[in-house]
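> Here's the letter readout for the chains.
Protein chains: 2
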Amino acid sequence: MSKPSRATAADVALAAGVSKWTVTRAFTPGASIAEHSRERVLQEAAKLGYRPNLLARSLTTKTTNLVAILVDDFANSYKLPVLEVLTQALQAEQMAAVLININQHFDHLSAILDADQRQVDAVILVGTDFKDEALKLSTLPASRPPLYVLARESTIAHIPAVSCDASVSMAAINQHLWAQGYRRPGFMSGPRSLSTALGRKSHFTAFWQQQAGTPVPELAAGSYDHRAAAQALRTYLQQTPAAERIDVLMCENDALAIGAIETARHEFGLRVPQDLAIAGYDGDELAASPSFNLTSYRQPLQEMVAALIDMLKGRSEARSINLPGELIIRGST
Amino acid sequence: MSKPSRATAADVALAAGVSKWTVTRAFTPGASIAEHSRERVLQEAAKLGYRPNLLARSLTTKTTNLVAILVDDFANSYKLPVLEVLTQALQAEQMAAVLININQHFDHLSAILDADQRQVDAVILVGTDFKDEALKLSTLPASRPPLYVLARESTIAHIPAVSCDASVSMAAINQHLWAQGYRRPGFMSGPRSLSTALGRKSHFTAFWQQQAGTPVPELAAGSYDHRAAAQALRTYLQQTPAAERIDVLMCENDALAIGAIETARHEFGLRVPQDLAIAGYDGDELAASPSFNLTSYRQPLQEMVAALIDMLKGRSEARSINLPGELIIRGST
DNA sequence: CCGCGCTTTGCTACCGGTTGCAAAGCAATG
DNA sequence: CATTGCTTTGCAACCGGTAGCAAAGCGCGG
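Going down the list, the protein sequences come from chains A and B.
Residue 1 is where the first sequence starts when you use full-length UniProt numbering, and the numbers rise one by one after that.
Residue 1 is where the second sequence starts when you use full-length UniProt numbering, and the numbers rise one by one after that.
None of these hints come from the bench; they were simulated from the model.
Careful, some of the hints might be misleading.
Said to hold, decoys possible - One side of the interface only, derived from the structure: several residues of chain A facing chain B at Cβ under 7 Å:
#, residue
1, Phe74
2, Gln88
3, Asn101
4, Arg118
5, Glu262
No residue lacks a Cβ here, since even glycine has one placed at the ideal position from N, Cα and C.
All chains should be modelled from the sequences, with the hints used to inform the complete structure.
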């Protein structure tokens, strides 16, 4: 239990017969130090189990190599691959991710303030639902850490967003669905503010209103939870006579699409795609499984994360960008 | 772009006409400070947007309120609710989680050393596959942060583990399956070392060998990936004549069970549970959906995390414990 | 008005590194 | 042998807080 206190640079210096500044230099790539004394220091450091205290280092260098990742949507299984890719990319740059759970006890603003106190180098909002935080952001201290938005478009000026191109992707989806002969489309949306920020809904409805001339019914799930999706479709099907129903349902993401498929099949006995075709968005692994076999638009996750990290490392200009993904046609349409 | 440098305690002190130590006290609950000067300080602090620098604080207090969470298994969707519950519980204690991705580029040992350099207060291994790290752990510096294991049993002395009671849970499952009339069971396992550490396999096979007297075939998936599960079942079904096949497959967790259901149904046209019953373990949300309708044993996630946090906050003795969960019987058995 | 005890405040020292400059070491040059 | 220029090392100061102690402030009884 009596933890031997960690060795410090001064301890190593004493053992190696140099000053503590020389020890620091031995651990600083490219520092001015004689090869023989670097070796001597590293040798003693290894013997004592010394590794620089990153906290102390950060205090002077003003950079922690920590990035806060804000997630408000743990019900969406697509968040897992996003976290996987993000953490791996950060770790490849010697950085680490602080995962922050946004929920009713801890809102975006508190999270940003908290992350700021921890001196993180950046804050990444991963497809989170901002609500009217945009306004509140102006109340943040001017010296907050830089914010980035991943996997949704930024509705807030000066906050760069890296996302999948809604215009290009929805065009591909629309073209596919049109070619398949669908003519009575519906759209299932998630959180209201996010639906706006994503732009998927607007590109979808714009196309179909122009092509088919009919309004596109919106099935509002309100969140990216497959249970909410089930409820939204349930309500729609109960209220709509079979003859008036949509023939294809475009879902804002795969989590919604999966919930919709479940309900269509198991509660209403509808065949997918014969009675109701369903398409999703994200390219979630689960959607590919034979049970769902979901047509989806795969987001270019690796590329998006790489672009984001280039920005926050200052290797490229920080600005909002849209990247193209890939339409994956499966049996559900 | 010219970031105004953050206000420090000294700045606030100057503005409030007190010393910087008084500023510190205003932000320290229970410190000895006059009410009027606390208010004065807080007021000036708000005006300047001052919030204490937690990095600097940690340097002297020796506690960062950061906990590293090691995850090596992002293909298992159950990790998402685990992360959700963990982060929320940590945040309720004013702590934050550093999420570390263990993969071929970054092993357990590097992760622990890295976390140590960041001075985390503890490291939590979330159901990770240790391999022979146990041996290597002895090469760690003696002053490493305390390690805890969540959702698997610890095979390493002195490292406390909080897990779901394998003996109790498997007894409940065995009793259920026996009562349903199944007599030819099989077991699907994940990573070899984890299967041992979890103890689910041993409790399962012990029961059936005693009851039915027959050996229990093991379908080794090798990892907790639904694709690996699909492959393991595929191989088994191809190699085993229908008459000799198992009638129930117990899977080490839900991710495997889902892969098995997919393959049984869609590749071999087997009805679940009539032709082959399937059960899982974890209580993953997805398994509950009508598509899978999986019988599973729900781990008491909230309680496990609460117990773990009590330990790492020193509110309870740090030792390995097993908690009981709940058998959830659904249509797959 | 003095002295006592309690509250409140200020101060020195320190946490474990890094920065930037000055001094020392050293070899080559004139 | 003194000078020059480059490399290497040591040092004072600092990053932004906190711990622990000593001094100051204050209310009150005598």
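> Run every hint past the structure and note whether it holds.
Hint-by-hint comparison with the structure:
1. Phe74: Holds - the Cβ of Phe74/A comes within 7 Å of chain B, reaching about 4 Å at its closest.
2. Gln88: This hint holds: Gln88/A lies near chain B, its Cβ roughly 5 Å from the closest one there, short of 7 Å.
3. Asn101: Nearest chain B Cβ about 4 Å off; hint holds.
4. Arg118: Holds. Min distance 5 Å.
5. Glu262: holds (5 Å)
Violation of the numbered hints given earlier is absent; every hint is satisfied by the structure.
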